[in-house]
Amino acid sequence: MRIAFIELRRRPGRFAPAAIALVLLTLLLLVLGGLLDGLYNGSTGALRAQPGELLVYSSEAKLSLVRSRIGPKTIAEVQQVPGVNEVGGIGVGLLGAAVPGQAADASVALFGYELPPKGVPAPPSTLGEVYADRSLQAVGVAVGQSLLVGPQHYPVAVIGWVSDTNFLLQGGLWGNVDTWRAVVASARPDAVLAPGTFQALTVVTETGANPSEVAAAIDSATSATTRTVTRSEAVNSLPGIKEQRATFNSIIYTTFFVAALVVALFFALLTLERIGMYAVFKAMGASSRQIFIQVMSQAIVITTIAFVVGAVVAVLASLFIPAQVPISLTLSRGVQVAVGLVVMSFVGSTISLRRVIRVDPASAIS
Amino acid sequence: MSALKLENVRKVYQSGEDEIVALDYASLDVGDAEIVALVGPSGSGKTTLLSIAGGLLSPSEGHVMVANDEISGYDPKQLTAFRRESVGFVFQNVNLVPFLTARENLLVVADFDRRDKKKATARADQLLGELGLENRKANLPGQLSGGERQRVAVGRAFMNEPALVLIDEPTSALDTKLGEQVMELIVSEVRARDTAAVIVTHDMRMTHYADRVLTIVDGTLQPG
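Heads up: the protein sequence lines correspond to chains V and A, in order.
For the first sequence, this note's numbering gives the first residue as 1, with consecutive numbering after it.
For the second sequence, this note's numbering gives the first residue as 367, with consecutive numbering after it.
Since the hints were derived computationally from the structure, they do not count as laboratory data.
As the structure is a computational prediction, the values presented were derived from the model and not from experiment.
Every residue, glycine too, gets a C-beta built ideally from N, C-alpha and C.
Be aware that a few hints might be false.
Said to hold, decoys possible - If you want the ones that stay clear, here's a sample from chain A, every Cβ over 10 Å from chain V, calculated:
1) Val378
2) Glu383
3) Val583
Stated by the list, open to error - Simulated coverage check for chain V against chain A, where a stretch passes if three residues somewhere in it have a Cβ under 8 Å from a Cβ of chain A:
4) 5-19
5) 69-78
6) 283-296
With these hints in hand, go ahead and build the complete structure from the sequences.
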């Protein structure tokens, strides 16, 4: 194995073509993954942050938060279901907001909530105060500012930041229920919900309760006027989420496959070129396993170096990507790409195994 | 004691329905510290005999013993271990690893054997010193002269302290003068270590360096 590392150190140029290809593939994988994560997080943050394991929609809404309506009678029924610990109402308005000093409106999702989502403080006590998602900083929003929301420019004051709470790629604003009702009433008087009515409910189940069983019990207790789903089901039912993930993942898996092919072809050629040297090694007592470990080590080291370079390039490139592009470079995505590439480089290098095994040590003589 | 003993060794290759006899009931006994030159025309079976003696090929029939170990029945894994531990090769084209220094080319052998690195390095330095390459051990093969490269190859063959050294056409690409220098070097190193050696050559001018000369014609061994 030492020989493999010495060769890498002394003849880096020999491995440059494969390394460059792998750097580019790493960059592609990280950017694609970052875009997928950015789109996913930007669309689903508000639902993923909900404190309850379950979300209750009206049955005719087909899991659309915007279309759903849950009245006080239904809420009372839900609260009575065995296994239900806490119930909180949620409402949202998808609107534009004028940001002081900015020419263009920011797209916001203004939520009214009873139970605070993860990372969001308890609802502000004052009407018109909101916590804003940190992503809105990119469009000029600052704490202390007053945003003018909707066509009637209803003023809301930003009193703090929260993270990863956006909804359908619109920046999350989190106020108390009265603020939400007031903003919606200002923007769309025809869509005002009656007092005590929400668009959906977040349900915290009791410890030890099975969320699926509680969900079924809720829908039964409301005579099927509700549709109760787990948080992840609610997230996946958002428009385009599944299709988006499937599309991006197809491209990502194809890119991983291409990485394996690059390694396979490169090392197959390199092995072909080195058959004479490997025959000498075998004549001197090297086993096929020892030689293959050399090939594999080189493939993995090159891939690891290429990943590091590709990751640095991706991070630098992300600094120049416009704020409107929802890219999110995360450590977990980086680890996934790194592990995926290393596995693919191992798989790719195994193509050379057959050729290594077939090297005849007798060919070292004459 | 014999360093190498072949008894009625036969090697047959199949070519379609035909049989090609590369080695025909060859018997040979090489004593400890004996140097045997094996000469013969191309295709006579020299390389096959050398390959069988070195555990690179298995005989079709007969017995092969190296330092009293019967290797003719070894499976490929055992032959690999045998080559690693018991024989040294000097290849026709020297075949040094181009990106390794002289010292590292010797340490390759120890690397495959997973030997103690300190001991292996000391052994490599000792061999390079004895071969007059003390100041060249950090040089790559491309920075060495032809003679120096040959000396590194000789050192590599002795790295595992073999009972038998097999030398393949050491002078084939050299002019007479350099060929003689190389042969003198090889013979003096072999003798200095009381090791047995089989030298395959087609160059009759070099045979006087050996204790004994054998000729091989059409796979059959004959006294020189």
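*Hints violated by the structure (listed by number, smallest first)*: Violated hint (a single one): 5; every other hint is consistent with the structure.
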